[in-house]
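Residue numbers (my numbering), protein chains in the order written: chain A, 1 to 317; chain V, 1 to 317; chain D, 1 to 317.
One thing to keep in mind: the hints can contain errors.
Note: identical chains are not told apart, hence a pair may lie in one copy or across any two.
Unchecked claim - Below are the SDA-like pairs computed for lysine to any residue, each with C-alpha atoms no more than 20 Å apart in a straight line: (1) 179 / 249; (2) 37 / 176; (3) 315 / 75; (4) 37 / 265; (5) 125 / 246.
Bear in mind the hints are in silico, worked out from the structure with no lab data behind them.
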Amino acid sequence: MNQFISVGDVPSVPRIVETALDYKKNPFKDKGLGENKTLGMIFLNPSLRTRLSTQVAARNLGMEVVVFNIDKEGWALEMNDGVVMNGNTTEHVKEAAAVMGQYFDIMAIRTFPGLKNKEEDYTEKYINQFIKYAGRPIVSLESATLHPLQSLTDVITIKERWQQPRKPKVVMTWAPHVKALPQAVPNSFAEWMNAWDEVDFVITHPEGYELDPKFAGQAPVIYNQEEALEGADFVYVKNWSNYNDYGKITCTDESWMITNERLRNTNNASVMHCLPVRRNVVIADEVLDGPQSIVIPQAGNRVWAAQAVLSEILKHQ
Amino acid sequence: MNQFISVGDVPSVPRIVETALDYKKNPFKDKGLGENKTLGMIFLNPSLRTRLSTQVAARNLGMEVVVFNIDKEGWALEMNDGVVMNGNTTEHVKEAAAVMGQYFDIMAIRTFPGLKNKEEDYTEKYINQFIKYAGRPIVSLESATLHPLQSLTDVITIKERWQQPRKPKVVMTWAPHVKALPQAVPNSFAEWMNAWDEVDFVITHPEGYELDPKFAGQAPVIYNQEEALEGADFVYVKNWSNYNDYGKITCTDESWMITNERLRNTNNASVMHCLPVRRNVVIADEVLDGPQSIVIPQAGNRVWAAQAVLSEILKHQ
Amino acid sequence: MNQFISVGDVPSVPRIVETALDYKKNPFKDKGLGENKTLGMIFLNPSLRTRLSTQVAARNLGMEVVVFNIDKEGWALEMNDGVVMNGNTTEHVKEAAAVMGQYFDIMAIRTFPGLKNKEEDYTEKYINQFIKYAGRPIVSLESATLHPLQSLTDVITIKERWQQPRKPKVVMTWAPHVKALPQAVPNSFAEWMNAWDEVDFVITHPEGYELDPKFAGQAPVIYNQEEALEGADFVYVKNWSNYNDYGKITCTDESWMITNERLRNTNNASVMHCLPVRRNVVIADEVLDGPQSIVIPQAGNRVWAAQAVLSEILKHQ
Numbered sequence: 001m002n003q004f005i006s007v008g009d010v011p012s013v014p015r016i017v018e019t020a021l022d023y024k025k026n027p028f029k030d031k032g033l034g035e036n037k038t039l040g041m042i043f044l045n046p047s048l049r050t051r052l053s054t055q056v057a058a059r060n061l062g063m064e065v066v067v068f069n070i071d072k073e074g075w076a077l078e079m080n081d082g083v084v085m086n087g088n089t090t091e092h093v094k095e096a097a098a099v100m101g102q103y104f105d106i107m108a109i110r111t112f113p114g115l116k117n118k119e120e121d122y123t124e125k126y127i128n129q130f131i132k133y134a135g136r137p138i139v140s141l142e143s144a145t146l147h148p149l150q151s152l153t154d155v156i157t158i159k160e161r162w163q164q165p166r167k168p169k170v171v172m173t174w175a176p177h178v179k180a181l182p183q184a185v186p187n188s189f190a191e192w193m194n195a196w197d198e199v200d201f202v203i204t205h206p207e208g209y210e211l212d213p214k215f216a217g218q219a220p221v222i223y224n225q226e227e228a229l230e231g232a233d234f235v236y237v238k239n240w241s242n243y244n245d246y247g248k249i250t251c252t253d254e255s256w257m258i259t260n261e262r263l264r265n266t267n268n269a270s271v272m273h274c275l276p277v278r279r280n281v282v283i284a285d286e287v288l289d290g291p292q293s294i295v296i297p298q299a300g301n302r303v304w305a306a307q308a309v310l311s312e313i314l315k316h317q
Numbered sequence: 001m002n003q004f005i006s007v008g009d010v011p012s013v014p015r016i017v018e019t020a021l022d023y024k025k026n027p028f029k030d031k032g033l034g035e036n037k038t039l040g041m042i043f044l045n046p047s048l049r050t051r052l053s054t055q056v057a058a059r060n061l062g063m064e065v066v067v068f069n070i071d072k073e074g075w076a077l078e079m080n081d082g083v084v085m086n087g088n089t090t091e092h093v094k095e096a097a098a099v100m101g102q103y104f105d106i107m108a109i110r111t112f113p114g115l116k117n118k119e120e121d122y123t124e125k126y127i128n129q130f131i132k133y134a135g136r137p138i139v140s141l142e143s144a145t146l147h148p149l150q151s152l153t154d155v156i157t158i159k160e161r162w163q164q165p166r167k168p169k170v171v172m173t174w175a176p177h178v179k180a181l182p183q184a185v186p187n188s189f190a191e192w193m194n195a196w197d198e199v200d201f202v203i204t205h206p207e208g209y210e211l212d213p214k215f216a217g218q219a220p221v222i223y224n225q226e227e228a229l230e231g232a233d234f235v236y237v238k239n240w241s242n243y244n245d246y247g248k249i250t251c252t253d254e255s256w257m258i259t260n261e262r263l264r265n266t267n268n269a270s271v272m273h274c275l276p277v278r279r280n281v282v283i284a285d286e287v288l289d290g291p292q293s294i295v296i297p298q299a300g301n302r303v304w305a306a307q308a309v310l311s312e313i314l315k316h317q
Numbered sequence: 001m002n003q004f005i006s007v008g009d010v011p012s013v014p015r016i017v018e019t020a021l022d023y024k025k026n027p028f029k030d031k032g033l034g035e036n037k038t039l040g041m042i043f044l045n046p047s048l049r050t051r052l053s054t055q056v057a058a059r060n061l062g063m064e065v066v067v068f069n070i071d072k073e074g075w076a077l078e079m080n081d082g083v084v085m086n087g088n089t090t091e092h093v094k095e096a097a098a099v100m101g102q103y104f105d106i107m108a109i110r111t112f113p114g115l116k117n118k119e120e121d122y123t124e125k126y127i128n129q130f131i132k133y134a135g136r137p138i139v140s141l142e143s144a145t146l147h148p149l150q151s152l153t154d155v156i157t158i159k160e161r162w163q164q165p166r167k168p169k170v171v172m173t174w175a176p177h178v179k180a181l182p183q184a185v186p187n188s189f190a191e192w193m194n195a196w197d198e199v200d201f202v203i204t205h206p207e208g209y210e211l212d213p214k215f216a217g218q219a220p221v222i223y224n225q226e227e228a229l230e231g232a233d234f235v236y237v238k239n240w241s242n243y244n245d246y247g248k249i250t251c252t253d254e255s256w257m258i259t260n261e262r263l264r265n266t267n268n269a270s271v272m273h274c275l276p277v278r279r280n281v282v283i284a285d286e287v288l289d290g291p292q293s294i295v296i297p298q299a300g301n302r303v304w305a306a307q308a309v310l311s312e313i314l315k316h317q
């Protein structure tokens, strides 16, 4: 594996999940693998779980880590080609990415979408500029349209908790939010669920909130949340802004919030969320504080996902 | 020891002081103790000495360190329970603390008081939320009402400099400042002086500036600074805002500034301050630049205090 | 070597260049040299290359590194003596530098000029305060008037690329910019070219843009850029603001931008720039994207320059 931007970069989902679960049992077994290798973590946007878990993962492999909040500790990058740079951008990504590629063995980048220009976001202009110019393996720490470290974590979390012979029913449900959020997490979760053939995957959201078919694939979409949740073994909750009416909030229906009542007809479903979650807006306190929530161990698995990804790239180098 | 929030967490003050002074002589003697353990340092507020010395201390023990300026690199945390989070806070401390507890073996937190709501500050709401939800040993890097790493440093500094058989007279004096500052340092210093029975401890401040009796204890309070300083062996200088008229500046009397003249009737006292100090407001240049100031070696001892605390927690795990 | 502020601190330019090129071939050969030593990197200003390359260099030597963005993670420092600190500065550099000297074995500082007060900038007031009070070897990460890590990098880059028996012609040319920039890079480059007797060095800039003679020395200045560039083997491009009419932009002549046309009469010159560079303002896309640009490997050499400097200081301790 020489980059990690989407599920398409992963040779085998079951194998990388197994690698991650092995690390969970024995975090330091490959401590020599990253010796004298440096991971550069470049943040164009805020981060908590991704920032912290990836640092821990890299150190578990013996890698050096350099964290760079380029937006705060550096300056604004120019992402467009051919521009006369007499405005607010100080350095072109062509130089910034190529120079960082001189210093780091692997580069990890977080860059959010602007949610203004669908084409710019969905061509993944920003992270693709880094891929093009860095000359090093790039790991996405969440890009405009995908968040693969999160999705790998989610697969790991489902895998380790599901012991029955039948496939679990996994329902991804839209939920309300006060801000317009990217589609990266739901796109990515859908992409991974579709690629991993060990679940029955269903999507539910208000009409109009259809995701890009490139990621949603053939997954059934049910517009009635209650109906969709029936018999669910895992409920994956996430808000996203409208993909069609791009970046807009077109539904504020609070009844989409996940409550115990809403989970009543599930199969005692485990409730997942990528976090951060706005309590009593997206998911009710009673659910997050109750026995069905697995959001904390889910977030804990971020370490093993990152460690598996980094180790696959290190082994490939 | 499984947390370090106040002197009450320390089984024996003399023993932890001895541990610290041992580390000062041989910083790397326990380099294997922290192997494969990670300290997460979470800053909700700025920091210089605490930030830097604690990193050095952890590395001396072989620990990994991850620093996270959650206010700048992350987002605002919700600290209140039961809230509908449709405002400015992005994540509840219940999740943030619990998730960080998944990544770190020990968590160190800095969080200042708001100085608006005495009850909220004095119940230590913020750091207690971390203690409650992190599931890991918590080290205070200064909380709303206490700064125990500073106070342990102060005990170490007095201990290593005092060789006489009689107890030294230690006077903590209020001094002026242009901003309303927390009571954390004076509360904490008083608490530690009271718990450590190797000094004669006196407090002096303008009338009305009494500290919470929970921390000031039975220490004599003398409202006349000159009288209080008479015969002092150590003068501990610190401004604080009013505890009774909570968070207010009710005295701006510049004569409380520490000058050579003010130190005249001391026993050639050593002058201590936790830093940062506003020169010629709190303490005059002539004192800070003169032979009686020990503020720099005092600050240097922060490393050994932090190292002793982390090692006690590591040994307990 | 016990500090690195200017070329004058370097006992032998050829020898440190050789040390750096040795590290380029074998980055980890001195991994034990920095064991149990900590480098403190203090930023009063933004940084990309310097920040990242110096961290990598220090780790290659086995040093611990602590990065501190004092402007963002700490507070404003007072640099003037005798001040009553009742304004916006929270801590005096006397304390801040001395305290950090208690924690770090080597301190590296970045501090830009204000470009308002020539004397203040050219006496290097800020970095000199750190030198005076830290009590530790200080490495400049760029100061008000010099950027020696950049210049050492530049010498390395020329050295490794020039194999002919004759001296190369190196032309430093001013180029336009939209912002008033420091003279640190051109001052420093001139100083190092003058100290290193392996090149023929020429400076070209608009009339009035003369650099401080202390740094420019006896280097010929040619006001006609085309004439100056004739036969150049290396073209070192850099904007700077006016030194005489201090900190002002007195020329906006776009014809000074480096284009392929401008390089026509050079000896197929290699084009260098310290970066960040504003494309199509300072240097045209066609040059930066063409075969004559060596700006990326030049930036890559920052690691070996920093590593050579740190190792010389460590060996001296």
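Could you tell me which of the hints above the structure violates, numbers in ascending order? Result: hints 2, 3 and 4 break, sorted rising.
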